[in-house]
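Turn these sequences into a full structure, and let the hints guide you.
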Amino acid sequence: MITLDSCQKYFHKGSVNEVFALNDINLQIEEGDFITVIGSNGAGKSTLLNCIAGCFFPDTGKITVNNRDVTRWPEYKRAKYISRVFQDPLLGTCPSATIEQNLALAIKRGKKRGLGRGVKAKDRELFKSRLKHLGLGLEERLLDKVGLLSGGQRQALTMLMATMIRPEVLLLDEHIAALDPKTANQILMLTRDIVKEQGLTSMMITHNMKHAIGFGNRLIMFHQGRIIFDVRDQEKAALTVEDLVQKFYKSQGEELAMDSMLLA
Amino acid sequence: MTLYAAIGAVEQGLVYGIMVIGVYLTFRILDFPDLTVDGSLPLGAAISAVAITSGYNPYLSLVFAAMGGFLAGVVTAVLNTKFKILHLLASILTMIALYSINIRIMSGPNIALLGVDTVFDAVTALGVPAYYSGLIVFGLFAVCTVLLIVWFLSTELGQAMLATGDNPQMVTSLGVNTHTIIILGVGISNGLVALSGALVAQNQGAADVGMGIGTIVAGLASVIIGETVFGSKSIARAFTAALLGSIVYRLAIALALGLEIGGFSFNPSDLNLITAILVISALIAPNLKNRLMQR
Ligand SMILES: Nc1ncnc2c1ncn2[C@@H]1O[C@H](COP(=O)(O)OP(=O)(O)OP(=O)(O)O)[C@@H](O)[C@H]1O
Ligand SMILES: [Mg+2]
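So the protein lines, in turn, are chains D and Y.
Residue 203 in this note's numbering sits at position 203 of the first sequence, and the numbers go up by one each step.
Residue 180 in this note's numbering sits at position 180 of the second sequence, and the numbers go up by one each step.
These are computed hints drawn from the structure, not numbers from a lab.
Among the hints, a few may not be true.
[To be verified] Think about it this way: if two alpha-carbon atoms lie no more than 27 Å apart in a straight line, the pair counts; the simulated DSS-like pairs of lysine-lysine are:
1. Y:K82 to D:K62
2. D:K80 to D:K111
3. D:K62 to D:K128
4. D:K62 to D:K111
5. D:K80 to D:K122
6. Y:K82 to D:K77
7. Y:K289 to D:K145
8. D:K120 to Y:K289
Next up, the structure:
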């Protein structure tokens, strides 16, 4: 279980560019939760995931993973429990290393790295069977450099790498947004399958309302650094796209009112 | 060029090749341009010379030298990673500090190594003619360095180092502390550079505080020539190319210095100009080749 306790995050505090990116976030991510995260641009969704992953520390508040206080743990240390897939397919893999070298790096996530062989013969079978699962033929290309793969293939590989060692939580930040619709759908299905198979706890940021409703057991909506809507299970299952759009506009009611005043 | 000059150039290529391997590690693998080497090469020479004249075994003095170089690299990398000083600046700071430190170590600007045992004595004792001993000792050290570094980069730790230079964001998210890796890598690099300096000092019979000037230039020139001539498809190929690049570089310089066209010949002070021309040719050669192929 992951908890965020009154987490606040400012960027450029005290300057004219001050941004209040996380405004008193309280969140309990239960074991097995698959949370979809929505909200307009700049609402603070990525900031929340970055904060959980440890890219920066919150200004105030506390973060725990399985009752362990990780608030001041650097990113590399939290990586033992937390896996991520980024929007940019180039970020998740190492282009000049081969497919098997990338997977071998991933299989040591959060473990000590010593002077043993980087790619072990006994792991190759595991890599092959996992790759076969993707149905992209990559199991025949273990020795190909990852830089040769397409964006979709790289993102599929990244999904594998992120889940090679089971993480406590899998963080997906618009991880299909840079792919063409068909590939995006394949990666989305892959995500669903992996999450289901391993019973992973995960958070997925998306701008697609259908995906937000159709995937996961819980949905949270962000607005101006706050969680303004948090539903789960039956209540979430009953949501429609219209409901969400309504919520969206209600949250922005203030701004709309302001706009209409300006226009009048 | 006489055979004697050629052997001398290959010898130099091999011994400085150990430095070039270190430069390849920082410059190409870690993407960390490191000027510390201009200070860590004479540091290795100084430590080795002082150790030998104090009665230590010449081979043991190489270990001390490498450890000293490693520490110098660690200082640069810590300044960069922990204190956020730009890598170039951090390395320049360590380099100028080493200038003073090297003089302290030697209690003066140089130390002569006359009439003392060096690593070459063990080889000549086996009956090898003196003029081949350099070639053999340097060749052994250089080849072992290449083998060791290629092996290291194939280990779990080495693979993390390769990935750190390639995609630091990704290795961090896989639980690697990139700071530790950079500190280790820059340390190893400067350890090799210091080892190279120690061997040079034992060969030429003296350590001198000024012997490091231009190390980084020679290192980069060798790296670039090696890549252009011998390629860099795999790690093993790339490091072998770096070593061979060093030999080609020294041979080219020896050739140029021995050149006589009519009444014209180069002076030793033209060395920098020759180096610049060599590097420029190596950099534009692939380009020219491509253009010619397209015609
Ligand atoms: N590293 C940073 N430095 C400064 N400001 C930042 C940083 N990261 C985010 N911000 C600011 O914090 C606010 C929230 O940004 P965030 O990236 O979390 O939004 P988001 O909800 O992910 O939006 P999008 O849907 O566009 O990705 C924005 O105003 C953004 O400009
Ligand atoms: Mg975002």
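Violated hints - listed by number, lowest first: 3, 8
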